[in-house]
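Chemist: Protein chains in written order, with my numbering: chain A, 344 to 1007; chain B, 120 to 418.
Check before you lean on any hint, since a few could be wrong.
As a list, the in silico DMTMM-like pairs of lysine to aspartate or glutamate whose alpha-carbon atoms are at most 25 Å apart [unchecked claim]:
#	chain 1	residue 1	chain 2	residue 2
1	A	K680	B	E392
2	A	K476	B	D297
3	B	K171	A	E508
4	A	K492	B	D402
5	A	K679	B	D186
6	A	K553	A	E580
7	A	K616	B	E123
8	A	K689	B	D186
9	A	K483	B	D336
10	A	K492	A	E580
11	A	K671	B	D186
12	A	K849	A	E910
13	A	K942	A	D854
14	A	K553	B	D186
15	A	K553	B	E237
16	A	K476	B	D274
17	A	K542	B	D297
18	A	K653	B	D336
19	A	K857	A	E951
20	A	K484	A	E463
21	A	K484	B	E191
22	A	K492	B	D274
23	B	K126	A	D872
24	A	K680	B	D336
25	A	K553	B	D238
26	A	K616	B	E237
Derived from the structure by calculation, the hints contain no laboratory data.
This one's a predicted model, so the numbers in the text were calculated from it and none came from an experiment.
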Amino acid sequence: MPQLLLELFSEEIPARMQAQAAKDLERMAREHLAAAGFLPEALTTFAGPRRLTLVAEGLPLAQADRKEELKGPRVGAPPQAMEGFLRKAGLTQDQLVERDGVYMAFIEKKGRPTAEIIAEMVEAIVRGFPWPKSMIWGYKKLRWVRPLKRILCVLDREVVPFSIEGIESGDVTEGHRFMGEAKPFVAKDFDEYAAGLEKHFVVLDVEERKQRILEGCKTLCFARHLELVEDQGLLDEVAGLAEWPTPVLGDMDPVFLSLPPEVIRTSMRTHQKYFAVRKAGEEGLAPHFITIANIQAADGGAVIAAGNAKVLSSRLSDARFFWDEDVKVGFEPWLKKLDGVTFHAKLGTMAQRVERIVALAAEIAPLVGADVQKTKEAARLAKADLASQMVGEFPELQGIMGGYYARTFGLDGEIADAVRDHYKPQGPSDAVPPAPVSIAVALADKLDTLVGFFAIDEKPTGSKDPYALRRAALGVIRIILENGLRVSLAKFGKEDLIAFFADRLKVTLRDQGKRHDLVDAVFALGDDDLARIVARVEALDGFLKTDDGKNLLAGYKRASNILKAEEKKGPLPTGAPAEPTADSAAEVGLYNALRMLDKPLKEALAKEDFTGAMTQLAELRGPVDAYLDGVFVNEPEHRDNRLRTLAAVRDAMGQVADFGLIAG
Amino acid sequence: MSREKPKSFQSLILTLHDYWSRQGCIILQPHDVEVGAGTLHPATVLRALGPKPWNAAYVQPSRRPGDGRYGENPNRLQHYYQYQVILKPNPENMQDLYLGSLEAIGLDLRTHDIRFVEDDWENPTVGAWGLGWEVWCDGMEVSQYTYFQQVGGLDVSPVAGELTYGLERLAMYVFGVDNVYDLPFNDPDSALGATTYGDVFLENERQQSEANFHGYDVAVLKQQFEQMEEQVPLMLARSYQGKSLVLPAYDMVLKASHLFNLMNARGAIAVAERASYIGRIRDLCKLCASAWVEQQEAA
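So here's chain B without its partners, still in its complex pose (with noise of 0.2 Å):
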């Protein structure tokens, strides 16, 4: 494929492909359970975990219910793309190879201000934390930066390097674009005819923000929940050749997390009751990982 500067929100996230697989990476696809964040993708949580080496890209579209806008804001969405690159163990010359990304998208680093700005990463859902920095061009945040220290509450070895570009809002800047729904998906000079980001999901974000602040019962919500909980531990006493069935068990803790996240955008979560939800998910998530980490030391 070309390597020419990107000129659309998907030519940006092929250049992103083309330049992390020559690095060396296995591109992978969207995992097909709702998320919030790409880390949550097993390609890293999971693969974070045990002594194997791990270097994988993908795009993961993030869902946070509660930041739905029925359309109407210029930069947030509830449905949103995350870029989400993991490298383990870290290489020697992990910045580089970000950097080396930026320019890939068109960035001139000597005209642009780069600052690594320290931000000390967490997900307490799923008992991870890291050390490293926001990545600011010109002010603005580009990509979260973080070398893991924990993942489902259990210590790293090796340490992996995560980068996570918030894709919508780098092509808004990359192209000059203030409203996220005029972002040109393809080229705008396409034979075929342009197609803007709006097109794709303008409507999306309207009925699934009714969706997510009016329409889901929340009993429903709360019931699913609670089951989810209680297959998690099943799931994971369960075994194939003489494997807990870890994988489909961390599933159900993902399905379980984005059914928090959609009670807590219905209002139905209490402030005194968000962390003991929280907690009871990180507890599933250090469930999965422990198994996991069993299973990749065994092997």
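In isolation and in its complexed conformation, chain A is listed as follows (with noise of 0.2 Å):
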């Protein structure tokens, strides 16, 4: 069967959208074949630099015949009908055949060649590329990511023939842009266009560029006792930087290594996009960098491993002089620069959201077992290093530079390490801060982030959330489970707040795969106490996958659909249960355990042991089964009583959770 391929080549596509860009043109290509009535066989999209390709196999060369039935007007119509009818089928009156008194008429549709829907598809792709930033060039009125050179489209080893503003669908590629002949060559599908690239220096599937760099980085380290730092978002970026990735290894002056490894890791991945290395098997990195080459040049590297050199070093002299400018200045006058950034038009400086933060930090502490003093200096300092040179230079290192500079003005180490830690856990792979000052002054700095904005009304909508505030609940969230802090959210907001909170509990859960209906049922009960929700959502999940559990719900479920049902005829008999007058096991079987399920229900619930309180809840299955299964609520002269009797069940349950909300 016919194979389709197609390039859309171009000037440099930016690293960081070629990898969506090959998921669109999957899913838009799957969409138009599939519209067309087509299922390819395979469908595979490579992204690189310059280039997104498409090969799809087994597509017909046409699309099958069809036949069409349009029912017409009515026989003896006016005739207007009829003229409508048969302008629309484009057929004349002979043509139509009666069936049971209505005009029908047949179409034959012949199946479209396959080469012209390729060209439609094409041309719709180019024109409604989701690109996240796109641009016009010379007199096109043509959008692409950066300008659109070439279009290679071959089915079935035949060119596609259309034009697209100007650019001609053709069977010509190039492959790589300094090395080989760096001419154009011909491709009629995918097997010469793989060979082709090959020869021409361009590896084409992002998956070997990586490969081939993970590769040639080992081969490096090995032969001088390094290793590589891995770092997967770098591994990421590079390869869609060059179509013939080729690492070659850098010296660095050993002088910085006195720099904090953070900054000239920092200053290596973001200015300059080099991987890190160490010596083998020990701490700290090694005075050496790579860096990923688009060429494997004629001197072995020797001149792009001197050039990059230079740069590293130069910009680790700034580093280095910005270094040396701070620990000159320090945390008072920094604290002094933060009175005139703004950090929100409506949330004032940065000076005053410090001073709410120490407020906040001060109030936290006790709870959390840190030293108030301390946590109150720590919180003061926190911010500090916004207003340093170097944080100033790389934002990203806020926080840790902080650290380091306290450390190096002597102050105390709970509070340099406060300083550092506050901003985290930064991401889900982040840590929480584990001591006690770290915890208080990063619970203030996040709390204070969402009492904030929520008061001002800048509340994450869909998908945006420009002030990150989903990051910091879960932030809040973490801190407090992963160090089993016992807090009441109330505290320190309002009820919209406390909800996002739980939203974002919610998510958690489910992320851990909780149901997200119990995490509801015990939200309902009006807790705000984090580490006691989820306890008693663990030991919920555990009840009800039990047998007793289940029913019990079941139970709880009839019980409460009576329940519903009378109180739409009058309000509800109120009270505790009296003593059943009938002669009713059942009745007095639940009632009995009603009265004994009391007391150490309550106890267990006091001692927050949830499974207990479970176990308790347990002990009413087979009297609820039996008194439902066995008693009739309606019976006038019992009638309150046994509504009485079911509310106590549903009171009672309702202590563990609200089983009203839980699925099933």
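Fit the two chains together into the complex; they arrive one by one in their own frames, and the hints show the way.
Modeler: In structure tokens:
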């Protein structure tokens, strides 16, 4: 079956957009092909610095022919109706067939050649491609991420002819910009294309480019007894920056190793996109770097290594200068500077924010066992490094630099750690701060952000969360849970913020495989102590996996349905159930079970022994089942007491969770 | 002129002039008003607007008062040179032309690692932005390459391609010099004697740095800024032969912009005020841009 090969060849595509572009190309092609009735046997896309490529296997050369039946006007309908129908169908009246008093048209639709459909598909994809940012160039109105130069489009080894704003389709592409012949070549199918690219120094598949980079790095390291400091994000990026990625090892002046390793790595990574290396089996960095060049240079990369080393050296000299200047200044002048820095137009200056964080941290300190004075001092200093030159140059080192400077100035270790760690956790893979002072400041930092932005109604909506409030809330949740802290959130925020926490907690628990209806059932109790909520959810989850749990839940639902139905007739009777007067074992059984349950259940809950509470509830299962199966509630002389009994079941269970919100 | 590999700062400039002249560009001279970047020359900002083709190359002295280091930093200057090329509409082979210019100044593209790294340029004071790259040579940014999309807040059509080379930095790299003041300004073997970049500019950096950081009177700067701001619309309201005086008005915008940079270097602009000053300059620039486009389309 024929193969389609499409390549959209352009000037350099930003590395960060390539992976998504490959996915978008695949999705759009699938949709277009499916709409035309095609289901390719295989469809693969590739993205690299200068090209998006698609190969689809197993397409027919034409669509299948189709027959269409059109229902026309009834026999004897007014002539205007007939005229309209004939115009629409493009037929004359003698071509219609009468069936059951209705004129019918049978139209045979020839399947269209696949090439025509592909031509339309490519134009639609090119014109509608969802680049995050696109541009026009020259006199063209077409938009693409950077100027689009060529379109290679062959179906079954034949060019699919079309032209998009003067760009003609063809069977020609180009290899590497500098290496090899650097001349266009012809490719009529994927095998020729892949072979041609390889010959012309282009690695098409991003995974192969990554592999090539990693292997190259490891070979370089091995020869010098070094180890690569692996960095997935950087690998993803550099794999999008070179068609023939070639690692080159360069030397760094060892004098710079006295700078904090984070500074060196950030300078290497963000400015220069270099990998760092360390001595095999040792901590810290070695005075070398690896850059990923786009060419295999004639001189083995000596010029490239020397040039890059010079650039890095000048970057690190700048960093050294910032460090030297910063340690001459210090925290107090930086704090003064924060007076002039707006945090948010409606939330005041950074200095005001610091004051709020200090107050909040002081309040939190006793709850987490932190020294109040140290906490206040750490909170006061936490944001000072924002005014330092180093953080001005490397914003991602906020906190980290503050920590280093605090130690350099001889401040208390707990304070220095808290300054360093108060932004943590910065993402799902980042650890939460473990030390009490750090915890207090980290919580205060995040709570101030959340409370502030909620107060000015800048809550996240849909995919928009410009102030990263979801991350802040998740940070609070993780710090509390992972450190086993007992904090009542209501102290720090209003209802909308508590609901936001509930929502984020649900996401967290769902990610851990917990059912979100269980979280709802527990949240409905109005508790705002996260640790207790999670303990309840866990106990409930365990309970509902048991037979007793499942049956009791079913019993609860039956009981509460009865209560709901009866409630519609009038207010339910209130008060505790009296001892049953009817001679019914089921009634007596449940009555006694409820009476015996009351005390141990309350005790278990008071001890926050939720598994114990569930075990107590399990005692209700048998009596509830027997009751619901054997007792008729609506006997006039017993109705009120029986409704009170059911309400007592609901209320007893309601102390543990709102079972009404649990699915099943 | 000879096409040998350049040996000095000035021959680097002459090589680029020669190269772009051979591509058909007009070779212009610097604009005679202080600007912060080569883009601000009317040959770029204004000529990028309107329907008429325009291809030019020039050197533009650029002033960034806040970057002064009293001549003590090996690569930071408050006065330096940018080489600017504007090609409108951008030719199909603009990347190849650009790479040709690197070869012309002696960079072997099979030995050096040249990369186009995403960098979307914008200049909020003139309401301009575009998509393009930083061009890296062995990890060093040697040029900014931009396809303008908007200038003066107006969409461009056709699109102009802009190339900016930081001349000192490029020269330091090509000649293997670590300190800008050691750059050979003329041929080191010149019969009339060798002159370095420092011989020409070190004293200027010292005096101008002192003036930028401590010398200028903030009250005077502020007053001059406000006067320029007032004058721009008045100048635009005047006309000669039916055309509003957009070129002198644009010069006044440039002066206002430089005055702002001086105030900023003096530390006289609070963080909160910065955005509003930039907005004021941009508004003036937009007035000029609109008036200019009207004249271009009418002609």
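Chemist: When the structure is checked against the list of hints, which entries are broken? Sort them ascending.
Modeler: Checked against the structure, the hints that fail are numbers 2, 4, 7, 8, 9, 12, 13, 14, 17, 18, 21 and 23, while the rest are satisfied.
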